[in-house]
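K.L.:
When we follow full-length UniProt numbering, the leftmost residue of the sequence shown carries the number 1, and every step to the right adds one.
What the hints contain is simulated information worked out from the structure, not anything from laboratory work.
We put the CB at the ideal spot given by N, CA and C, even for glycine.
Treat each hint with caution, since some may be false.
Claimed, not checked - Label-pair ranges, simulated between beta-carbon atoms:
| no. | residue 1 | residue 2 | range |
| --- | --- | --- | --- |
| 1 | D134 | R60 | 47 to 55 Å |
| 2 | R105 | G158 | 39 to 47 Å |
| 3 | D163 | R28 | 45 to 53 Å |
| 4 | R28 | A74 | 33 to 41 Å |
| 5 | R60 | R117 | 23 to 31 Å |
| 6 | R105 | D190 | 46 to 54 Å |
| 7 | I32 | W192 | 38 to 46 Å |
| 8 | I32 | K185 | 42 to 50 Å |
| 9 | R24 | R174 | 44 to 52 Å |
| 10 | D59 | R28 | 25 to 33 Å |
| 11 | G183 | K48 | 22 to 30 Å |
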Amino acid sequence: MSDADSSDIDPSPTIDDELLARARIHARDVDIDVDWDRLEWDVSARAKRRAGACRWQADREVATIVLSRRAYEAYDWETFAAVVRHELVHAWEYQRFGESGHGERFRRVAAELEAPRHCPSFAEPRYVLRCLNDDCDWRARRHRASTPVTTPERYRCGNCGSDYAVEHAESGRRWTTASEYGGAKAALGDDW
Numbered sequence: 001m002s003d004a005d006s007s008d009i010d011p012s013p014t015i016d017d018e019l020l021a022r023a024r025i026h027a028r029d030v031d032i033d034v035d036w037d038r039l040e041w042d043v044s045a046r047a048k049r050r051a052g053a054c055r056w057q058a059d060r061e062v063a064t065i066v067l068s069r070r071a072y073e074a075y076d077w078e079t080f081a082a083v084v085r086h087e088l089v090h091a092w093e094y095q096r097f098g099e100s101g102h103g104e105r106f107r108r109v110a111a112e113l114e115a116p117r118h119c120p121s122f123a124e125p126r127y128v129l130r131c132l133n134d135d136c137d138w139r140a141r142r143h144r145a146s147t148p149v150t151t152p153e154r155y156r157c158g159n160c161g162s163d164y165a166v167e168h169a170e171s172g173r174r175w176t177t178a179s180e181y182g183g184a185k186a187a188l189g190d191d192w
C-alpha cells in the first residue's frame, strides 16, 4: 500500500469496534466456562429484530456470537450486556453439548448469570397476530409477511387453538384470510 492510499484509511474506531470491544470485555467477566479459543464474534448491521444470535459450526467446533448493531444503539448498556450473557449461555451449551435451545438447562444457567431467557425486541413489529377468542389474550409479533401473516386461515392461535386476526401495526388494518391480506396490501399501496 502506498503512502497516498494509507491516508484514505480512517483509524477511528467504528460503532462495530466499540460494540465488540465492550461485549468481549463484559464476556470475560461473566462466570461461565466458555472456551474462548473456540468463540468468535461478529456484528450484524442487517438484523432488525434479533439482538443477538449464536451460531454453531460443528465441523470446526466454534461458536460465533453475532450481535446486532441496531440493538446496541437502541438499548442501554445493562440491557445489551444481558444479551451478551444470553448468547454466552448458547455458546457454552454448543461447546459442551453440541446443541443449544431455551430449555431447562439454558434457563438454569441463564438465571445464574442474570441473563434473560429471551432477549427483548428492539424494533416494533410490522404485524400483530391476535386471537379472536374473547377469553384468550394470545398475541404474536411478526416483522415479515410470513405465511401465518399472509394466510392466517391456515393457522390457529398459539394458546387456545382458535382463529386469529392479523393487524398491520402502522395502519391498523386487519385480516383473517389470504384474500383480505391482499386487499389490505392493495389498499395501503405505498404505505404498506
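K.L.:
Now look at each hint and say whether the structure bears it out.
P.N.:
Each hint, compared with the structure:
1. For D134 and R60, the hinted distance range of 47 to 55 Å is satisfied, since their beta carbons lie about 52 Å from each other.
2. Range check, R105 to G158: Cβ separation about 24 Å, and the 39 to 47 Å hint is violated.
3. A C-beta distance of roughly 50 Å is found between D163 and R28, which places it inside the suggested range of 45 to 53 Å.
4. For R28 and A74, the hinted distance range of 33 to 41 Å is not satisfied, since their beta carbons lie about 24 Å from each other.
5. Distance hint for R60 and R117: a CB-CB separation of about 28 Å, consistent with the stated range 23 to 31 Å.
6. As the Cβ distance of R105 to D190 is approximately 48 Å, the hint placing it in 46 to 54 Å holds.
7. Between I32 and W192 the CB atoms are about 44 Å apart, so this pair conforms to the stated range of 38 to 46 Å.
8. The hinted range of 42 to 50 Å is satisfied by I32 and K185, whose Cβ atoms lie roughly 46 Å apart.
9. A hinted range of 44 to 52 Å for the beta carbons of R24 and R174 is consistent with their spacing of about 45 Å.
10. Distance hint check for D59 and R28: the Cβ-Cβ separation is about 27 Å, which falls inside the suggested range of 25 to 33 Å.
11. For the pair G183 and K48, the beta carbons lie near 26 Å from each other, so the given range of 22 to 30 Å is met.
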